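Peer 1: Whole structure, please, built from the sequences with the hints as guidance.
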Amino acid sequence: MGRYFAIRIGRAALTIVLVVTFAFVVLRLSGDPALMILGPEAPPEVLAAFRKAWGLDDPIWFQYLDYFGAIAKGELGRSMRDGRPAIELVLERIPATLALTLPAFAFKVALGVPAGIYAALHRGSGIDRAVMMMAVAGFTVPSFVLALLLVLVFAVQLGWLPSGGQDSWRHAILPIATLSLGGAAVLARFTRSAMLEVLGQPYIRTASAKGVPWRKVVTSHALPNAAIPTVTILGFMVGTLIAGAVVVESVFSWPGVGRLLVVAVANRDLAVVQCILLLVAMTMVTSNLIVDFLYGFLDPRLRAKGAHA
Amino acid sequence: MPPLVSIRDFRVAFGGVPVLRGVDLALGKGEALGLVGESGSGKSVTWLAALGLLPRHAQVSGSVRLEGREILGAPAAELDHVRGGRVAMIFQDPASALNPVLTIRKQLCEALALHRDLQGNAVKAEARRLLDLVGIPDAGRRLEAYPHEFSGGQVQRIMIAMALAGNPDLLIADEPTTALDATIQAQILELLSTVRRELGMAMVLISHDLGVVAENCDRVAVMYAGRIVEEAPSNQLFADPVHPYAQGLIGALPPLDGPRRRLTAIPGTVPDPAKMPDGCAFAPRCTLAAEPCRLAAPTLAAIANDRSVACIRAEASRRALLGIAAE
Ligand SMILES: Nc1ncnc2c1ncn2[C@@H]1O[C@H](COP(=O)(O)OP(=O)(O)OP(=O)(O)O)[C@@H](O)[C@H]1O
Ligand code: SF4
Ligand SMILES: [Mg+2]
Chain A
1 MGRYFAIRIG
11 RAALTIVLVV
21 TFAFVVLRLS
31 GDPALMILGP
41 EAPPEVLAAF
51 RKAWGLDDPI
61 WFQYLDYFGA
71 IAKGELGRSM
81 RDGRPAIELV
91 LERIPATLAL
101 TLPAFAFKVA
111 LGVPAGIYAA
121 LHRGSGIDRA
131 VMMMAVAGFT
141 VPSFVLALLL
151 VLVFAVQLGW
161 LPSGGQDSWR
171 HAILPIATLS
181 LGGAAVLARF
191 TRSAMLEVLG
201 QPYIRTASAK
211 GVPWRKVVTS
221 HALPNAAIPT
231 VTILGFMVGT
241 LIAGAVVVES
251 VFSWPGVGRL
261 LVVAVANRDL
271 AVVQCILLLV
281 AMTMVTSNLI
291 VDFLYGFLDP
301 RLRAKGAHA
Chain B
1001 MPPLVSIRDF
1011 RVAFGGVPVL
1021 RGVDLALGKG
1031 EALGLVGESG
1041 SGKSVTWLAA
1051 LGLLPRHAQV
1061 SGSVRLEGRE
1071 ILGAPAAELD
1081 HVRGGRVAMI
1091 FQDPASALNP
1101 VLTIRKQLCE
1111 ALALHRDLQG
1121 NAVKAEARRL
1131 LDLVGIPDAG
1141 RRLEAYPHEF
1151 SGGQVQRIMI
1161 AMALAGNPDL
1171 LIADEPTTAL
1181 DATIQAQILE
1191 LLSTVRRELG
1201 MAMVLISHDL
1211 GVVAENCDRV
1221 AVMYAGRIVE
1231 EAPSNQLFAD
1241 PVHPYAQGLI
1251 GALPPLDGPR
1261 RRLTAIPGTV
1271 PDPAKMPDGC
1281 AFAPRCTLAA
1291 EPCRLAAPTL
1301 AAIANDRSVA
1311 CIRAEASRRA
1321 LLGIAAE
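Residue numbers (my numbering), protein chains in the order written: chain A, 1 to 309; chain B, 1001 to 1327.
It should be emphasised that the hints constitute simulated quantities derived from the structure, not laboratory data.
As the structure is a computational prediction, the values presented were derived from the model and not from experiment.
You may find that some hints are simply not true.
With a Cα cut of at most 25 Å, we get these calculated DMTMM-like pairs of lysine to aspartate or glutamate [as the list claims (entries may be wrong)]:
#1 A:K216 - B:E1126
#2 A:K216 - B:E1144
#3 B:K1106 - B:E1078
#4 B:K1029 - B:D1117
#5 B:K1106 - A:D299
#6 B:K1029 - B:D1306
#7 A:K216 - B:D1117
#8 A:K216 - A:D82
#9 B:K1106 - A:E197
Interface residues of chain A toward chain B, partial, derived using beta-carbon atoms under 10 Å [as the list claims (entries may be wrong)]:
#10 G124
#11 G200
#12 R205
#13 A209
#14 G211
#15 V212
#16 P213
#17 K216
#18 T219
#19 S220
#20 H221
#21 N225
#22 I228
#23 T232
Computed list of chain B residues with no C-beta within reach of chain A, every gap over 10 Å [to be verified]:
#24 P1018
#25 R1083
#26 A1122
The C-beta atom is built at its ideal place from N, Cα and C for all residues, glycine as well.
Peer 2: Rendered as structure tokens:
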């Protein structure tokens, strides 16, 4: 068990380093921050001074070491725009994002999981087909299309809800709905196939053959097994709580982390972008660790492997 | 007194393709019946359908009576009582037959709670006794283990313990040893015979292995393409098979002390259920086939008071056999 987690934590740390490195390199090779922030009209000596001040003239490997040295000391750099610590800028946006993603996560689970289970148990029925059709739709329609559709219907046509901004809870409804519907569709599809896979297993037949009533076969034999693969996708969804709303925040002008990221990328505000990516990588990796832990909890076969490894 | 189980004109189809085409079979109390036949002949489907364990898309008709009481289409609660409580079933593949995320205790006690009037500590004590009975050492501790911590042979023993939990009158053992290696096979069969004799339980032993059936069963039914084609006391069937298919099977049997083989030595293959020939399903492979065989499917008819055969040339076939034997 200890080794099982030691290996996974090591792998998690490596993932974070790789993500941050990748972001670092790509950002530095894709345009001059000095030009982006000061504008093309800025006098050359101002640009030069800016580059010098932010260390942009140093060789890339030097900047890279510098950057990791700073991270090790807990410094994530300052915004090139307004000089404030990047981490501050990011942290103050997190509550707004969570205000969308947390309720959306709850709705996804509350809608998607039961729909998937129901569809699997009534395979081929009208409701199964309806659930699958909605799931495929929710899966294939990009979230900005869904967002615009919702705006068109509920804001423009019916006038029930605002189409953007953050002034009241009513402003959160459409963004949350956009996030929930797509996610619930993915989850319903996934839960359904996990459940179908389990229902076809011989141990389900064994349970029925010994006289366990069907309802109990489902709850105490099928669900605990179907939970194992479903936890994977739930973990993935937890991993997107911080940055899973980039598109939706942009469409609904919601001032969360996602919008900050879009703006910071457009401006080549390196420290801010890197700070966000680091945070995203960390949430993803943490949620993966939680998933691994849950696997150990849900699946005795893994538990044993960990103990003997 | 009605037989323990009596199956009449039992038919099963999947998506309109008939797989069982009128099975007639009866079984007395405490009797051991062997069920043999090539892969796909419908041995498993017969019993899965009888217990209502097939997926919903299976179309089932006919009659399955348990001590005279119809169980086909019985309400779910009644079927749940029959399954495990009157008729228990164990399967071929021990690796996936037990639920991987539940302890043996949970799975065993679940069966006990369903079919026996036991409370509290008595349940666990009985579970331990059953594990002891089927030869799992250190039963008290092993109850808390998960299925993956047992070998295939041990899982099959646990399956037998679970089947015994409900004190059934009949145990269906569907190729219980096919997935196990030879020494373990022998041990499991030995265990099955012992518990059967001690508990006075009837058993249906489904097997590819005629030797196994000969050793463990009083009577044998031979299935071909969704029908019973011959039924006889074991010794008579092996000494004097009448149906050309049964003759083929037994002719293909290696000597008793030789290695066992699967039943594949008859030339040709089982017809596709979707393209059943008219008349006798065995005709394309039958050396005795004649014009009348292709007109109507022969029905299972008694040739002695404890034997029946489904072959219109049963007499000719018998003479042919005797002729060969005399040479
Ligand atoms: N759930 C199912 N859906 C569709 N067809 C099925 C199903 N179960 C069995 N069949 C078909 O029914 C026929 C009989 O199958 P069955 O499992 O009873 O054969 P068997 O005699 O037990 O063979 P084996 O010795 O291989 O176990 C086969 O043609 C099989 O393909
Ligand atoms: S009925 Fe005819 S074809 Fe069928 S087994 Fe008998 S002899 Fe052969
Ligand atoms: Mg079978």
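Peer 1: Compare the structure with each hint and give your call.
Peer 2: Tested hints:
no.	hint	verdict
1	A:K216 - B:E1126	22 Å, holds
2	A:K216 - B:E1144	21 Å, holds
3	B:K1106 - B:E1078	23 Å, holds
4	B:K1029 - B:D1117	24 Å, holds
5	B:K1106 - A:D299	15 Å, holds
6	B:K1029 - B:D1306	16 Å, holds
7	A:K216 - B:D1117	19 Å, holds
8	A:K216 - A:D82	61 Å, violated
9	B:K1106 - A:E197	22 Å, holds
10	G124	8 Å, holds
11	G200	9 Å, holds
12	R205	6 Å, holds
13	A209	4 Å, holds
14	G211	3 Å, holds
15	V212	6 Å, holds
16	P213	5 Å, holds
17	K216	8 Å, holds
18	T219	12 Å, violated
19	S220	8 Å, holds
20	H221	5 Å, holds
21	N225	6 Å, holds
22	I228	8 Å, holds
23	T232	16 Å, violated
24	P1018	21 Å, holds
25	R1083	4 Å, violated
26	A1122	19 Å, holds
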